[in-house]
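Engineer: Using the sequences and the hints given, assemble the complete structure.
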Amino acid sequence: MSEPPLFEVEGLDVVYAGRDEATHAVRDVSFSLGRERLGIVGESGSGKSTTGRALLGLIASPGIVTARRLTFQGEDLRALDDRGWQAMRGRRLSMVMQDPKYSLNPVKRIGEQIMETFRLHNPGASREAKGRALAMLEAVRIRDPEAVFHRYPHQLSGGMGQRAMIAMMLIGEPDVLVADEPTSALDVTVQNEVLRILDDLVSARGMGLIFISHNLTIVSSFCDRVLVMYAGRVVETLDAKALDQARHPYTRALLAAAPSLDAPKAELSVVTRDPAWLA
Amino acid sequence: MSAVAKSDSAPRSQAEARVRGFARAAARLLENPLAAAGLAVVLALVAMAVFADTVSFHIPPNAQDLNARLLAPGAAHWFGTDDLGRDIYARVVHGARVTLSIVALVAAIVAPIGLAVGASAGYFGGIVDVVLMRITDIFLAFPRLVLALAFAAALGPGIENAVIAIALTAWPPYARIARAETVTIAKSDYVAAVVLQGAAASRILFRHIVPLCLSSVIVRLTLDMAGIILTAAGLGFLGLGAQPPTAEWGAMVAAGRDVVLEQWWVATIPGLAIFIVSLGFNLLGDGLRDVFDPRAS
Amino acid sequence: MSAAAKIAVEGLDVTFRGSGKPVYAVQDVSFEAAEGAAFGLVGESGSGKSTVLKAIAGLVAPSAGTIRIDGKPFGARRTPNERRAMQYVFQDPYGSLHPRQTVDRALREPLAIHRIADADSRIAVALDEVGLDARHRYRFPHQLSGGQRQRVAIARALILSPSLLLLDEPTSALDVSVQAEILNLLARLRKERSLTMIFVSHDLAVVAHVCETLAIMREGRIVERMPVDTLRTGEAVEAYSRELIAASRGYVRAAAK
Numbered sequence: 164m165s166e167p168p169l170f171e172v173e174g175l176d177v178v179y180a181g182r183d184e185a186t187h188a189v190r191d192v193s194f195s196l197g198r199e200r201l202g203i204v205g206e207s208g209s210g211k212s213t214t215g216r217a218l219l220g221l222i223a224s225p226g227i228v229t230a231r232r233l234t235f236q237g238e239d240l241r242a243l244d245d246r247g248w249q250a251m252r253g254r255r256l257s258m259v260m261q262d263p264k265y266s267l268n269p270v271k272r273i274g275e276q277i278m279e280t281f282r283l284h285n286p287g288a289s290r291e292a293k294g295r296a297l298a299m300l301e302a303v304r305i306r307d308p309e310a311v312f313h314r315y316p317h318q319l320s321g322g323m324g325q326r327a328m329i330a331m332m333l334i335g336e337p338d339v340l341v342a343d344e345p346t347s348a349l350d351v352t353v354q355n356e357v358l359r360i361l362d363d364l365v366s367a368r369g370m371g372l373i374f375i376s377h378n379l380t381i382v383s384s385f386c387d388r389v390l391v392m393y394a395g396r397v398v399e400t401l402d403a404k405a406l407d408q409a410r411h412p413y414t415r416a417l418l419a420a421a422p423s424l425d426a427p428k429a430e431l432s433v434v435t436r437d438p439a440w441l442a
Numbered sequence: 028m029s030a031v032a033k034s035d036s037a038p039r040s041q042a043e044a045r046v047r048g049f050a051r052a053a054a055r056l057l058e059n060p061l062a063a064a065g066l067a068v069v070l071a072l073v074a075m076a077v078f079a080d081t082v083s084f085h086i087p088p089n090a091q092d093l094n095a096r097l098l099a100p101g102a103a104h105w106f107g108t109d110d111l112g113r114d115i116y117a118r119v120v121h122g123a124r125v126t127l128s129i130v131a132l133v134a135a136i137v138a139p140i141g142l143a144v145g146a147s148a149g150y151f152g153g154i155v156d157v158v159l160m161r162i163t164d165i166f167l168a169f170p171r172l173v174l175a176l177a178f179a180a181a182l183g184p185g186i187e188n189a190v191i192a193i194a195l196t197a198w199p200p201y202a203r204i205a206r207a208e209t210v211t212i213a214k215s216d217y218v219a220a221v222v223l224q225g226a227a228a229s230r231i232l233f234r235h236i237v238p239l240c241l242s243s244v245i246v247r248l249t250l251d252m253a254g255i256i257l258t259a260a261g262l263g264f265l266g267l268g269a270q271p272p273t274a275e276w277g278a279m280v281a282a283g284r285d286v287v288l289e290q291w292w293v294a295t296i297p298g299l300a301i302f303i304v305s306l307g308f309n310l311l312g313d314g315l316r317d318v319f320d321p322r323a324s
Numbered sequence: 012m013s014a015a016a017k018i019a020v021e022g023l024d025v026t027f028r029g030s031g032k033p034v035y036a037v038q039d040v041s042f043e044a045a046e047g048a049a050f051g052l053v054g055e056s057g058s059g060k061s062t063v064l065k066a067i068a069g070l071v072a073p074s075a076g077t078i079r080i081d082g083k084p085f086g087a088r089r090t091p092n093e094r095r096a097m098q099y100v101f102q103d104p105y106g107s108l109h110p111r112q113t114v115d116r117a118l119r120e121p122l123a124i125h126r127i128a129d130a131d132s133r134i135a136v137a138l139d140e141v142g143l144d145a146r147h148r149y150r151f152p153h154q155l156s157g158g159q160r161q162r163v164a165i166a167r168a169l170i171l172s173p174s175l176l177l178l179d180e181p182t183s184a185l186d187v188s189v190q191a192e193i194l195n196l197l198a199r200l201r202k203e204r205s206l207t208m209i210f211v212s213h214d215l216a217v218v219a220h221v222c223e224t225l226a227i228m229r230e231g232r233i234v235e236r237m238p239v240d241t242l243r244t245g246e247a248v249e250a251y252s253r254e255l256i257a258a259s260r261g262y263v264r265a266a267a268k
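Residue numbers (the working numbering), protein chains in the order written: chain A, 164 to 442; chain B, 28 to 324; chain C, 12 to 268.
Be careful, since some hints might not be right.
[Said to hold, decoys possible] SDA-like mimics (lysine to any residue), calculated; alpha carbons at most 20 Å apart, straight line:
| no. | chain 1 | residue 1 | chain 2 | residue 2 |
| --- | --- | --- | --- | --- |
| 1 | A | Lys428 | C | Arg199 |
| 2 | C | Lys32 | A | His317 |
| 3 | C | Lys202 | C | Val239 |
| 4 | B | Lys214 | C | Tyr105 |
Hints were generated in silico from the structure; no laboratory data involved. A quick note: this is a predicted structure, and the numbers were derived from the prediction, not measured.
Structural biologist: As structure tokens, this is what we get:
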């Protein structure tokens, strides 16, 4: 891979000042992302979502983001001001979140929202907006793009809403997509459809993808590499295919704790938290 | 980020748990300087009312001295005297008692009625809801002052009638608040759990649902206090509240009307008292709302 | 209905008639579970599986059909004693406990309603059985973690010693590691008390772990009943069942370029 990495993160820290003590949501996280799919896996409180948000500059006060290095395509993200972030988000970097009910504007039609995003990043090309929006809805395999174009978010099913959200987030043609639990709120059959769409779009456009999830199975089947997070730290980085050769006790415990459809387990292995993992 | 309490040791009894919860809420309230100021004003009002004689240095509020009429504020009379020579400072302090009793009586009447009506309407729904809410609407339609005048005309003026008149028009909003909260709470899993345990409707309503409506009602009450005080003062101003010679702030403002230009203190100082106490209740109410609704932070 | 069945549901219909069109949430659902068995109800959203559970619990009135427990029909209105026969564990650990009541109070309530004596010691025993202790007894729900809240919910459900336990996605809102603890706890309690369980979930792996038999539901109807082995092998009869089982195995990536 001769191309420089899209993301270079070194020593990322996110701290929230609290009433009594400070909370370190993310501690000393380092990784790099090329044109590949990186999964970030962890349970609640592991810091995976906070990491994703930090990459998009979405950590609001009282959170403080520091890093030894935080660059995107060579640009230092720590130095970006509001205008810098506006130019970055949607156009070079984008994010898909868990529940389209909460991330789509409920009082605007789908088509309007997608067009708005397009116009924001292509100020001169307003006339093309509708055509591009419809093309994008087709690209996410919505069967009747014209109809969905005129609908409101609450009129869409979970899977369709998520596809509309993906369409909106990819219309700016970003180089990297951060997906934070994009399929967790969906039924399992719909999940696979949406993953298929993401798979095809990311491959076709040669994008980098960061896939954040609590579900180790999905992440291992969807991504190239996986970061396992615990208590704000990255405890292990491994190839998605080599998950069964995981070495860190937390990763192994996580794998053993999940019930499996294939092999019955008499008792599910419980994760005994070793304070050494917090070191 | 688990919610397990890390630093403090576990409470060892139900009472201890409650006391700690209360102390935590109080600490949060006092962190807000405006709310703390409001609380201070309210507590000062209560202290003034309870210890009226001591606070007023045992100066009798109704003692007339026609040689000392309309004296300006000074060393002998801190707030001056009115047109019958009575010490205004003493009258303001004793007036606090009247104000506080009106406010407390109204609160003691409207909160339970509002909660009972609203929670029942919200929980049972159907015809019960319709009937109770239409009754609420009827009472809501009465303008407060007009009803008070009607009462005074029918039953004669006086504090008790003023309290009844104010309470009769003040309870409907509490019923609405209680109903709205109850409708949401009734759908929750914890209420379903108690239903599944075989609890009777009255138990569910009064032990499980009403306690959750209390915080909204308390906030509304403190914010309403200002309005109630002003209404009582208005009634006093019209001669329908406390009757002379009882010191009551609204009546004192009315009495000082004629001399407001030259002897400004007679009307202005009781007016200031009304203003400060209303403001204090408002600030306290805002602070309580922030404490009870953690999302507001 | 077979003689040994603990619970028998026959021809259950639940229709919601609101302001719009009627919603046929459950249509002609029938199944049985023997005493001490764990029966799974699986389906995607809108399948009606939770509504079936609520109808059994008496939280929702059936429009048609019968529900028999130990041979006795249970109608929409329940006596307090009938309520004791079955209890419910809800999905959302954050919503199933009264926010202003301590754990102690939450566990005391069912005992008070049924006038059961010795509340203090019974509460201590109930907490111990679910792996909690005196430290948690006087805490409020917001001071507990999700797993701890769910343990309290289970303790509350079992304190009246029901013989039938209805569980509505009890671990869906929990982390994998916490889920493992709760599922192990439920397995242990089931064995100790010979509980009959009806377990609703959208997660096939969890249902496979907990139950011996299950029914797959779709849009209010039962598509297929099967033993758990069929779930594991994936050799179901109906196409939808096969589709669901295959989808649960995870995502299969397109061949890399």
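Engineer: Next step is simple, just say for each hint if it's right about the structure.
Structural biologist: Here's how the hints hold up against the structure:
Between A/Lys428 and C/Arg199, the direct Cα distance comes to roughly 14 Å. Compliance with the 20 Å bound is thereby established for this hinted pair. Note on C/Lys32 and A/His317: the hinted pairing holds, with a Cα-Cα distance of about 18 Å set against a maximum of 20 Å. This hinted pair checks out: C/Lys202 and C/Val239 have alpha carbons roughly 18 Å apart, not beyond 20 Å. Distance restraint check for B/Lys214 and C/Tyr105: the Cα-Cα separation of roughly 14 Å lies within the 20 Å cut-off, and the hinted pair is therefore satisfied.
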